[in-house]
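Chemist: Those sequence lines, one after another, are chains A and B.
First residue of the first sequence? That's 1 in the working numbering, and the numbers climb one at a time after it.
First residue of the second sequence? That's 1001 in the working numbering, and the numbers climb one at a time after it.
Calculated from the structure, these hints are not laboratory results.
Careful, some of the hints might be misleading.
Under the rule of at most 35 Å between Cα atoms (straight-line distance), these lysine-lysine pairs were calculated in the DSBU-like manner [said to hold, decoys possible]:
| # | chain 1 | residue 1 | chain 2 | residue 2 |
| --- | --- | --- | --- | --- |
| 1 | A | Lys26 | A | Lys668 |
| 2 | B | Lys1606 | B | Lys1668 |
| 3 | B | Lys1379 | B | Lys1305 |
| 4 | A | Lys68 | A | Lys35 |
| 5 | B | Lys1168 | B | Lys1068 |
| 6 | B | Lys1219 | B | Lys1493 |
| 7 | A | Lys203 | B | Lys1606 |
| 8 | A | Lys203 | B | Lys1206 |
| 9 | B | Lys1168 | A | Lys203 |
| 10 | B | Lys1042 | B | Lys1068 |
| 11 | B | Lys1305 | B | Lys1262 |
| 12 | B | Lys1203 | B | Lys1269 |
| 13 | B | Lys1378 | B | Lys1262 |
| 14 | A | Lys85 | A | Lys203 |
| 15 | A | Lys206 | A | Lys127 |
| 16 | B | Lys1219 | B | Lys1269 |
| 17 | B | Lys1171 | A | Lys168 |
| 18 | B | Lys1168 | B | Lys1127 |
| 19 | B | Lys1168 | A | Lys168 |
| 20 | B | Lys1378 | A | Lys203 |
| 21 | A | Lys171 | B | Lys1168 |
| 22 | B | Lys1026 | A | Lys168 |
| 23 | A | Lys206 | B | Lys1168 |
| 24 | A | Lys53 | A | Lys85 |
| 25 | B | Lys1305 | A | Lys168 |
| 26 | B | Lys1378 | A | Lys171 |
| 27 | A | Lys171 | B | Lys1035 |
| 28 | B | Lys1127 | B | Lys1171 |
| 29 | B | Lys1379 | B | Lys1035 |
| 30 | B | Lys1624 | B | Lys1606 |
| 31 | B | Lys1269 | A | Lys171 |
| 32 | A | Lys206 | B | Lys1624 |
| 33 | A | Lys206 | B | Lys1203 |
| 34 | A | Lys591 | A | Lys53 |
| 35 | B | Lys1035 | B | Lys1168 |
| 36 | A | Lys171 | A | Lys68 |
| 37 | B | Lys1171 | B | Lys1085 |
| 38 | B | Lys1035 | B | Lys1203 |
There are 2 protein chains.
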Amino acid sequence: MGISEVREYDCWLQGRGQNQFSDALKNCLSRIVVKEDCLVVKQAALELQRGLKRMFGVDAAITDTIQKPCTVVGTATAVSELTGKTVSCDRAEGFCIEIGDELSVVAGADCNGTLYGAFRLLMELAKGAGTGFSLEDAPRSGIRMINHWDNLDGTIERGYAGPSLFYKDDKIDYDPQRIEDYARLLASIGINCLSINNVNVRKTAKLLITEQFLPDVAKLADIFRPFGIRLMLSINFGAPYSFGDLDTADPLDPRVGEWWAKRADLVYKYIPDLAGFLVKADSEGEAGPFQYGRDHADGANMLAKALKPHNGTVIWRCFVYNCTQDWRDQTQDRACAAYDHFMPLDGRFDDNVILQIKHGPYDFQVREPVTPLFGALKKTRHLIEFQITQEYTGHQIDVCFLPYMWQDVYHFDTKHGENSTIGGMMGNRISGAVAVGSVGRDENWTGNTLSQANWFGFGRLAWNPDLTAEEIADEWVKLTFGLDPEVDAAVNKILMMSYPTYENYNAPFGVCFMVTRSLHYGPDIEGYEYSRWGTYHRANWEAVGVDRTPSGTNYTGQYAPENAAMFADLATCPENLMLFFHRVPYSYVMKNGKNLLQNIYDTHFKGVEQVEEIIRTWEGIQDKIGSAVYASVRERMGRQLTNAIEWRDVVNTYFHRHTGIPDEQGRKIYD
Amino acid sequence: MGISEVREYDCWLQGRGQNQFSDALKNCLSRIVVKEDCLVVKQAALELQRGLKRMFGVDAAITDTIQKPCTVVGTATAVSELTGKTVSCDRAEGFCIEIGDELSVVAGADCNGTLYGAFRLLMELAKGAGTGFSLEDAPRSGIRMINHWDNLDGTIERGYAGPSLFYKDDKIDYDPQRIEDYARLLASIGINCLSINNVNVRKTAKLLITEQFLPDVAKLADIFRPFGIRLMLSINFGAPYSFGDLDTADPLDPRVGEWWAKRADLVYKYIPDLAGFLVKADSEGEAGPFQYGRDHADGANMLAKALKPHNGTVIWRCFVYNCTQDWRDQTQDRACAAYDHFMPLDGRFDDNVILQIKHGPYDFQVREPVTPLFGALKKTRHLIEFQITQEYTGHQIDVCFLPYMWQDVYHFDTKHGENSTIGGMMGNRISGAVAVGSVGRDENWTGNTLSQANWFGFGRLAWNPDLTAEEIADEWVKLTFGLDPEVDAAVNKILMMSYPTYENYNAPFGVCFMVTRSLHYGPDIEGYEYSRWGTYHRANWEAVGVDRTPSGTNYTGQYAPENAAMFADLATCPENLMLFFHRVPYSYVMKNGKNLLQNIYDTHFKGVEQVEEIIRTWEGIQDKIGSAVYASVRERMGRQLTNAIEWRDVVNTYFHRHTGIPDEQGRKIYD
């Protein structure tokens, strides 16, 4: 293959000239047979047709009559009828694929499954699959969702890739073709639900559930529907009050329930298949049931009853903590908040309420333990929440391949009963995965082209939590950059080393929050030490970290006993979370025989060296990558190096100023 | 006197029922004789008439014929002619006052002097003067100016008293009566020049020098003119370029000079007595001659030539420093910047250029040394700049009587030649004083009523730098609160203790910049330690402060030798500036026998106790102060206490975490 430009816009659905089909296979693929009424199944055939053209230059026709060689697309029942051959796949949203020269088959367990099968066929072909290839697959869990933090003024909270796809100047305002292209990319990785406005529902955004905006929301839903994607709206819990209709938003006031029921009737009149409402309540200044002396079950159930007649769901965020703490009060521990608030409510929630729980107890820090609610909750539906947008992980300036850390989350064993890893609980105890999205109007969707891998990886892991970061990286690289072994090796190397690199030059050993406040990029070591946000490392002349063992805040006690004991013992606590769970003297000797202080110095010097290696690796394949993508990623890598150097020097200086102890290798630390 | 409400709006020009005139004196004052064409002299008579009514309830008539008993108002020549009695006062803008039962006289050396005499008569009467009182006075220097940092959108940069008096929604938009009342207050304390827009001239503000705004600026000038106040406009040095007229703003390009000359012609067509242009160039992102490889003399002189035909002046700010420093580079010292930039240009500036130099080398920190340019500049006209608005001194929430610190500036002896204190150089080597204003649309002008004292005090000190803070406080208290001895004592006590109190709970011993970035209120000890703004205390486990002696950055070398030696020696350096000039170990024993660390603890505990005492003192006179003023000041004092406690705890914790050494009195320091 040559050095054709990587088409950033098409992401992992571009052809890189990988598959040179045999004439026989080409003939088979060129006739697509579909004979079903389902909108999504029809879209599957269309996407197959378009994908074959876009990715491989193959012209295919769509017909409803079978005539071999051909490729039949449809639900398993329909395909069996058409082909006379029994095709079985019965796991929800699953599919099976068979590639043959005479007959290829894409059969879904249902409509969505068929669409996912069509996309998977395209991607497998791009990775080199041919005649004889077959695959059966299904998503582990039923909810695979993206949260948009888009504001109606067109800004995106924590967005690093241009303005909102959906809004501009307080209106719903979009390029319909781009929205369809977005839906395509989402469906290709199995996303089936999308909340389209920021969970902080302020100003005009409150009015999305009124007739001022609903017609436009409905049009947007029309675009996503053929792709098997249902929309959700973030609502403001205080709306009955802030709209001026009632003097309260108290969830136990019957008038409030009635208000929401009527509101739901109106909303569903416009979007009958709306997935429901997403709610951030009593959090960081948002309205909520606490204002009325009610609890979160009261609040969520009230909304659930309003949505119930429409088969709607309330997704209720567990990101509830005291953000007006006094830094002097060390008995308060924000890490405990989600469990403290929601564990006592287990069993109190209606069946169309789903809690949304961040994977870690804080807020998407570089390294956090898994939130102890997972595994502990027994009688409450819930989702695990990730963040694709790189709020604390480099703003899509720094390369940071998140599946590397997400796999650790999925592999974490909660030790609650059988099959108790997060991955193992997906689809049974955990209803699905949701992530804050990362896209905007930038041509390449994600600002940094390499950040597309995080978006892709979230979808792939939500589908199959057993995938490793290596597998995901490799798949993404092949789909995006093609099969050239040198490019393949280089980009895989960059992705796989990026997370540990970022972790090295960032806050050390799970201590969290040494980042600039508000901006959340670059170091501000004491930025949160005296703040109301309540997270501290409390570094002094001899030690750093927070004691969360029974001798401290006893956050460890929220875990199953085996994990509680493991975290509470400095000897068994994973070192990458050491400062999260323990207050550790700088002189503490770590597993590598060096003390904590020296390890802080070492990791920070190493992080910068690793960024330099990432840059060299990227520069090594310059000739094999289109110039635009090469240059835009390279420019970001320059900024990443500056950032890494700043982190290194500020962290090292900070600890050197506290201890007076120099680096044992005599490397430069600024006084 | 009773407990009538203090009329905050009238400030120091309200009557508090102090003067119960004898009938004879009342008769004499009731007939005001004025016979002159000068607008300002006529205003003097008017102000006397209005003031007698407003302040003392005395009805007076204005006439042009002398008939005793009467009070004659006018320039000395005119008064001598009218009364047949030789009145001599010949110092510019000076006056003499004589109070008699038959004939009182207010005679000015010139028009402005007459107006100042009229106001002084009113104030002296309010303080208790009567028949037989006489006074001759004149301002020490000719320029007594206020800078408004008002933006055209109505905001005020560093404003803490409501929106701009002048602007709203990108228009000149004001209450003419309020502007006249403002002019009155300014004239009463001798202010004769006013720049009306922010020195950061951005967006619409650039257009003030165009016909879009000039007619409205002219109307504003009309209001100030009878009060002897000339306006000035802040301009953007890059205007020829940013207006799109030229491809450069290079001061040595003849087209640029021509552009400004034409621009000046236009501006002066509308406001023939405009004082000139105020310029912030090459500072904090503003355009300037450095962009074109020119120096500040090139830039200022080019503008000066444009203004020369109109008798206009360029006031050129010396607040030029590198605000993109690297914190690692300890050879850079922002304190050196003004001297480094401007001392080499001494003698290069045209005679209608005046440099405006902040009193300290940084930026209005709580305690700074006097800028070494003063006394050193020999051949360049210059002003000293203060800040009335309490940017770093409590945001007009905290009581902080600034003349307490300003007197230290005026008393500082530069040791350059004869009569070398700042005060001594006023009116000869230093052309005048300028301050950033503090007023907005709040009813009481300054947010905190007690902050009126700073405004008043700036004017009084600009007039007479020999005044002490005690004298100013006492005068202001009597004029504002009346002559009740208990109120008098209490408010004087509050004012006089407020500055050392604020200094106690703020950054210790002249170390500066431990304040929150951007906001500049409340502590953020390391907020600037790793920033591009270039100011550091570099606290570590053993020491704090910056070595600016010859062994360090040698900033001390910018002072006259005697001062250089004094500052460079820790033993002779004033302790309130110790950490500005020296890096000092915590164990260093100070004059009181305690070490630095313990002194940091002590001052911070004391600062909070002093705020509590201020509150008790204010509460003690509640019954004697109108309820509105009492309550609004008391509410602010509550916030001040919270602020002081935060400063105390954060500063003490910070140093305790670095040293591990507890307070010797065992008081609470949070870990």
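Chemist: With reference to the structure, classify each hint as holding or not holding.
Modeler: Evaluation of the provided hints:
1. A/Lys26 with A/Lys668: Violated. A/Lys26 to A/Lys668 sits at ~61 Å, over the 35 Å cutoff.
2. B/Lys1606 with B/Lys1668: OK: B/Lys1606 and B/Lys1668 at ~13 Å, within 35 Å.
3. B/Lys1379 with B/Lys1305: 18 Å, holds
4. A/Lys68 with A/Lys35: 15 Å, holds
5. B/Lys1168 with B/Lys1068: Violated: B/Lys1168 and B/Lys1068 sit about 49 Å apart, past 35 Å.
6. B/Lys1219 with B/Lys1493: 43 Å, violated
7. A/Lys203 with B/Lys1606: Judged against 35 Å, a Cα distance of about 45 Å means the pair is violated.
8. A/Lys203 with B/Lys1206: Between A/Lys203 and B/Lys1206 the Cα gap is close to 32 Å, so the pair holds against 35 Å.
9. B/Lys1168 with A/Lys203: 23 Å, holds
10. B/Lys1042 with B/Lys1068: It holds: about 20 Å lies between the C-alpha atoms, which stays within 35 Å.
11. B/Lys1305 with B/Lys1262: With a Cα-Cα distance of about 11 Å, the restraint between B/Lys1305 and B/Lys1262 holds, given a limit of 35 Å.
12. B/Lys1203 with B/Lys1269: With a Cα-Cα distance of about 24 Å, the restraint between B/Lys1203 and B/Lys1269 holds, given a limit of 35 Å.
13. B/Lys1378 with B/Lys1262: Status holds; Cα separation ~32 Å.
14. A/Lys85 with A/Lys203: Distance of about 57 Å is beyond 35 Å: violated.
15. A/Lys206 with A/Lys127: Measuring from Cα to Cα gives roughly 45 Å; hence the hint is violated.
16. B/Lys1219 with B/Lys1269: Since the Cα atoms of B/Lys1219 and B/Lys1269 sit roughly 13 Å apart, the hinted pair holds (cutoff 35 Å).
17. B/Lys1171 with A/Lys168: 27 Å, holds
18. B/Lys1168 with B/Lys1127: Given pair B/Lys1168, B/Lys1127 is violated - Cα atoms ~38 Å apart, limit 35 Å.
19. B/Lys1168 with A/Lys168: Measuring from Cα to Cα gives roughly 27 Å; hence the hint holds.
20. B/Lys1378 with A/Lys203: 59 Å, violated
21. A/Lys171 with B/Lys1168: Holds. A/Lys171 to B/Lys1168 sits at ~27 Å (cutoff 35 Å).
22. B/Lys1026 with A/Lys168: Status violated; Cα separation ~70 Å.
23. A/Lys206 with B/Lys1168: 29 Å, holds
24. A/Lys53 with A/Lys85: 28 Å, holds
25. B/Lys1305 with A/Lys168: 48 Å, violated
26. B/Lys1378 with A/Lys171: 62 Å, violated
27. A/Lys171 with B/Lys1035: Distance of about 67 Å is beyond 35 Å: violated.
28. B/Lys1127 with B/Lys1171: 41 Å, violated
29. B/Lys1379 with B/Lys1035: 42 Å, violated
30. B/Lys1624 with B/Lys1606: 28 Å, holds
31. B/Lys1269 with A/Lys171: 47 Å, violated
32. A/Lys206 with B/Lys1624: 50 Å, violated
33. A/Lys206 with B/Lys1203: With a Cα-Cα distance of about 32 Å, the restraint between A/Lys206 and B/Lys1203 holds, given a limit of 35 Å.
34. A/Lys591 with A/Lys53: This hinted pair is violated, its Cα atoms lying about 55 Å apart.
35. B/Lys1035 with B/Lys1168: 40 Å, violated
36. A/Lys171 with A/Lys68: Answer violated: A/Lys171 to A/Lys68 is near 50 Å, above 35 Å.
37. B/Lys1171 with B/Lys1085: 51 Å, violated
38. B/Lys1035 with B/Lys1203: Answer violated: B/Lys1035 to B/Lys1203 is near 47 Å, above 35 Å.
Hint violations for this structure: numbers 1, 5, 6, 7, 14, 15, 18, 20, 22, 25, 26, 27, 28, 29, 31, 32, 34, 35, 36, 37 and 38, all remaining hints satisfied.
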